[in-house]
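Enquirer: Chain residues, written in single-letter form:
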Amino acid sequence: MELLLDSLFNGVAIGSVLLVAALGLAIVFGLMGVINLAHGELMMLGAYTTYVTQLIFKLPILKPFYNSYIIVSIFLAFIVSGVVGIILEKTIIRKLYGSPLETLLATWGVSLILQQFVRSVPLAYGTGLVISLIIGLFLPTTFPSKIKESINFKYFKFSSWIFAALTGVLTGSVISSTVSKLSRASARNVDVTAPSWMRGQVEIIGTAFPKTRLMIIVITLISVIAITLFLNQSSWGMRIRAVTQNRQMSDCLGISTEKVDIITFGIGSGLAGVAGVAVSLLGSVGPNVGGNYIVGCFMVVVLGGVGNLLGTVLASFGIGIMTDLIGAGRLLSIWPDMPLPLSNTINFFATTSMARVMIFALIVIFLQFKPTGLFPQKGRMVEN
Amino acid sequence: MTLSKIKFDKKIVLSFWIILIALIIAAPTLLPVFRLNLLGRYLSLSIVALGVDLIWGYTGLLSLGQGIFFALGGYCAAMYLQITSSSEFPNNIPEFFALYGVEKLPFFWEPFRSPVFTFFAIWTIPALVAGLIGFLVFRNRIKGVYFSILTQASLLVFFNFFNGQQKLINGTNGLKTDVTLLFGQMVGSESMQRMFFWLTSILVIAAWFFAKWVVKGRFGNILIGIRDDEPRVRFTGYNPVIFKTIIFSIAGGLAGISGALYTVQSGIVSPQFMTVPFSIEMVIWVAVGGRGTLLGAILGAVLINYAKSLVSEALPASWMFIQGGMFILVVTALPEGVLGWIQGDGPRNLLQRFGFKRKIETYPSLEVNNNEEN
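Chains as they are written, first to last, in this note's numbering: chain G, 1222 to 1605; chain E, 6 to 379.
With the rest of the complex left out, here is chain E (with noise of 0.2 Å):
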């Protein structure tokens, strides 16, 4: 028996996608609630690992720093359903503001009444704040680790920042979503967080599909042209720069989609969203799914989080060790990732060692002859 290359044909794309779109509408009535929860969390989570891919998969740039995007995309959203619940308290602004003493909205908060502002600066703010960044770093050709650094650092700048800021943003606590409105219904009620689950999922394939789009063609080139000689790509005429910032603006508008949704379905958003470990897990999803592959980021996000969340309801303390165990394992033994295993050589590797044979692939002319096919 020999093996060859696995290929997909279109029918076994088309019946793949229907088999998807079926359990995405079938999913409500299958899963109990909590769990169905649970999945629209983590497929919002894969919007935030798409993004990672292009930037980290696709152009080399390993950002320890999404969770500021995610998270700002998460505040812009919560923040406006929090104003625009707030009827009943005093001043007509969120509760919490009583707390610290506040009695007018601050006035960077005023353009959140507007549900159209909202709806734009959810991907719009964090994809300027990451072009900002990205293009002062890039500028002055900060790259590899030292970039992960800066990003790392930048993400502590927001998480301290974002704690510190009670008046202004309730500090440590966050704000609730739960328990706000949303054209009529309460946020946190089944059935929108029913419409929420569909949302997310019609978004993951919109940001897909976008995903796969950017990486295609000339501009998808240049992207792996920086990964993989950056020098060149400048010597052949190429800024990098400019490159650089739109891929890495790209994916902080990603991450603030996803963060928008995450947070309306977990119902609040805190300054644990920029935490130091949950933008470093954001990269293991990718790495574990297979970093330039864009599926593997989405497969990986979803199901090391669902892992996740087994793992710790049955074995509460063993989850380190296994997240820990799979950062190693999959820079020592799979650097491609599952999916890249699986696209590769992988397969077929693993059934050699099993005693399948191997169709080596030849020149033409050697294959006619027998004798020297070894």
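One chain only, chain G, in its complex shape (with noise of 0.2 Å):
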């Protein structure tokens, strides 16, 4: 019984990191079709944040609410990424949609710059940019509307650029000079701490559980309510399903869809950068700690049918149980005196590699018999 419950507890975990992954994933991809390879950056720049943030809250200044930092972080990772997904859409992935090939083609060259960005940048002046792309983005959102209704908006528009611009070039000098540890450009992984109150372990009904990994779990059963609200209450995610079920009668109806497309992608993409905070405080941070991810998260979101959180949330639990059953090998101590043939398969495949492979090769197995995932859309199309 305790080593099911064990068994349970790490599979949850590990779904759930899963999950707060695949979420963003799923939401972009089941509600707009898009494949964004580069998911697995943008939860970089998610983890990236959270380092800094870290970082920046080590000064003297900030020094008394160093324990908070965390929660700080989540909502910065948010932010950042998010800011990063729009322009992301505003720039590339607005020019191809009904084509996800193409879009599976250009996220994954703008994953391959993120990557380099992030190496051959200095993370302060990185800091600055996204500052700057933040303020410029949304300075202008916040003019009063006599402003924006007259003709000379471009040029109010254009000066909060170039004050976003100065904003960024400023703080990202000011940054590199006083945190020495964001000053250079390096390749080299970083490693995030996690505060005091979050080391540690709790026990849960006789099982150790540490502390980080209750942390993520919380933050995705956050994530996931509040996205499960947004999307079911708000009226904007009532425009978000109206644009899912029917692009071209939702616009004909007064709904814009081209905001609906830059909010969804936002959103998504900053539930990226949530997930980016989750996996920081899991293991240390480098340029590559995305890619990882991504096919995961993509198998997550093919098992549990596109453009359905409850799939997404039932593949995503479902692989983590089935990854730590398989991966370390539980099975065996469960059933100790197995015949020697099947014991040996176990044994074969409790590695965490090995496990990766079982898990995909059950997957594909599953997609034999429901091709279109675990709750398939209802539709009388041909094509989809």
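No lab work stands behind these hints, which were simulated from the structure alone.
Positions of the beta carbon are idealized from the N, C-alpha and C atoms, including for glycine.
You may find that some hints are simply not true.
Okay, the calculated bits of chain G under chain E, using three or more residues with CB under 8 Å as the criterion [said to hold, decoys possible]:
{"#": "1", "segment": "1307–1318"}
{"#": "2", "segment": "1328–1334"}
{"#": "3", "segment": "1448–1462"}
{"#": "4", "segment": "1515–1524"}
{"#": "5", "segment": "1585–1593"}
Both chains come to you apart, so use the hints to assemble them.
Expert: Have a look at this one:
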């Protein structure tokens, strides 16, 4: 019993990382039909945001609040990845709607650029760039409507971008002069240390459970609840669902599909940032951190059925529990005296990488019976 | 001045071939050994690119898992070389087995003692594996991006498997072919490398003709039909599954040949051939060269890889930016690739922008009346 519980906990822990990483992807892929291969790199940006936030909170002014940096970094990561996602949508993905294979290639290109960017640009200036992007995008929207509607609005916009650029350069240089760790570019991995209240373990029904894992489960839970509420209760959520169901009809009824696309992509990317915070708690952060998760995330989305959050949730926990069962060879300890060939097989797959082999093989077999995942979208069309 | 579509007449085609063959024969004397070896490697990569063009450019299947078949071909060739030159090692098996305490050659490597078997295995095994994967996927009408994702997942399955199995295939370290013997000569030696270069060049041309033959005629028409409107092909009475499986396994076989040639020229095969970025790179060679043009795939593979090695030597950090930019540029600005752009309206549009008049194709009756031409 205890073993089973242990296995369940571990599985849920693995699954919740997968879920928080796949959630944004499920939204972008399910609602917009866009394959975002840069999702992993948006996660990486979130993880680096956590790292930068941590170092900034070590400065003397912010030192008293150091313990709460992780909470702050969740919001910051959401904003940073979200803004990068919005810019991605505005510049590249917008041109490619309706051709998912092209978005796949283009976003792969973006992911290469983001990876190399993190390697060869000092994090301080990277932070400055992100700050200027945020200001440049959002400052014009705060202007009073009188200015927005005037002919000269483009000049206001232009000057706000100049202001944003100046602020970015200023913050970049301030950060690089105060935090020495951020002033040089490096391809080396960095480590995020959890604040003291998150270290150690808690006992739940007799099983020791690391607090960071628990934190990740909490983050995942909050993200899932928030996104479900947003999609089902808010007016923008309703518009997003409407555009998903019938884009042309929604357009005719006066829904700005352009805005809906931006918001959907922004939220999906922002969730990737939140996933990045979770991932940064698990191990060291490097330019390739996102690449380790991206294929697993896609498998979650495919297995769960596209455009269905419940499917995503079930699929990620299913994969998580299976990974733990197979990877740790737990079936063997639950049933110690099984026949030799069977136990040999289980031992063969009882490593992390071989468990992955097994899981992917199982998913491919599963898709033989249910090609559209656990919860397929219903429709009468030949093609979707 | 008016411009019309570029046409190649027979003389130009003939002279192109003469120049090409002269270049292939002369290359070993013109280029230093290092560059020649690189060129040979990139030429062998162009065979896998041809396969990608067949399945993506003609059939519309974007596979992100061609690395599987590429590496399988490489492993077949490398294992044969390792086994044949292992006579001085204990138990007459390749050296690395001793490191992991393996005393007997694993049974599935047994047939690779025979050169004839290996010769066939290099392309049939990848083709069979591709056929199997393809059939399982296509049977369920999984297509589009789902196909891409599934091929990528299969790639990871194979990568993890090959990476983790030290006792069977030397795991992460891969199999070295540099110091093995073939026909009594060292594979890594200069004369052998020159021979491999010629072999690769001939095979590239052969593969090109083969691919041209495949896409010609009714078979090719059905492939293009599947790309453009698959349900319509199905409703016309053809079963797309069979055609897709066949073309996917052809592409797999080509990838296997390519992998074997690449392995003997680079001196090693390792699970690194099955990483995700490498398989996506194959797609970008075709995309930049021009999908659905065959020649574009060859040019793309050779030129991009050559550019990669030149840029990486000069400015190591910038290649990722260039490559990423290339991905974005090719889908947003040049969807038909460079060759497609040249063959299509690209140059004429460009010249028109500089003030050259463009010959407009009209109905003959209208052409007589000058007033209606604009």
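Enquirer: Compare the structure with each hint and give your call.
Expert: Here's how the hints hold up against the structure:
Counting residues of the segment 1307–1318 of chain G whose CB falls under 8 Å from any CB of chain E gives 3; the rule of at least 3 is met. Only residues whose C-beta sits within less than 8 Å of a C-beta in chain E count toward coverage, and the segment 1328–1334 of chain G has 6 of them, enough to reach three; the restraint holds. Remark: the segment 1448–1462 of chain G is not confirmed as covered by chain E, as 0 of its residues place a Cβ nearer than 8 Å to a Cβ of that chain, below the required three. Chain E is given as covering the segment 1515–1524 of chain G, and this holds because 4 residues of the stretch bring a CB closer than 8 Å to a CB of that chain, at least three being needed.
Interface restraint, the segment 1585–1593 of chain G with chain E: holds (4 residues with C-beta to C-beta distance below 8 Å; minimum three).
Of the hints listed earlier, the one the structure fails to meet is number 3.
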